[in-house]
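*Asks:* Residue numbers (this note's numbering): -19 to 82.
Derived by calculation from the structure, the hints in this document are not laboratory data. Treat the hints with care, since some could be wrong.
Claimed, not checked - Distance condition first, Cα-Cα at most 20 Å in a straight line; then the derived PhoX-like pairs of lysine-lysine: (1) K74 <-> K61; (2) K74 <-> K63; (3) K44 <-> K63; (4) K1 <-> K(-15); (5) K61 <-> K(-15).
The model shown is predicted, which means the values in this text are computed figures rather than measured ones.
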Amino acid sequence: PQFVKENRPYVKLAMEHLNEKTVLQYQQEERSSIVHRVRSERHRIADLRDASQTQVLSTQENIKQLREGYAEFYQNNSYLKCKTMTDIVELNVKNVIRQVQM
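Between the sequences and the hints, there should be enough to build the whole structure, so can you do that?
*Replies:* Now the structure itself:
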């Protein structure tokens, strides 16, 4: 999904006040920021990933919805192989890094 339904008011506000070029610029800046944080905190992120793999972070219904939504949105069936929220987050971060490096 492009956004969660709880964020609808913010999405509506942005759509009313920002043009497409500005939105694309913000998206690129946010992706670059994520890549910078991942690279600078890679050991802490790896520890967090390892710890979260043994925890229940969400319901199976939410995991299924997010997994299928991302697979459709990004046209990437790799998301359908994700079994946990940790798997989804890890794949998504890797995809963001790939997008920025292109």
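*Asks:* Are the hints correct? Go through all of them and say.
*Replies:* The hints, checked one at a time:
This hinted pair checks out: K74 and K61 have alpha carbons roughly 15 Å apart, not beyond 20 Å. Simply put, K74 and K63 have alpha-carbon atoms about 16 Å apart, close enough for the 20 Å limit, and the pair holds. Distance restraint check for K44 and K63: the Cα-Cα separation of roughly 8 Å lies within the 20 Å cut-off, and the hinted pair is therefore satisfied. The suggested pairing of K1 with K(-15) is violated, with an alpha-carbon distance near 24 Å, which exceeds 20 Å.
Distance hint between K61 and K(-15) is unfulfilled; the C-alpha atoms sit about 24 Å from each other, more than 20 Å.
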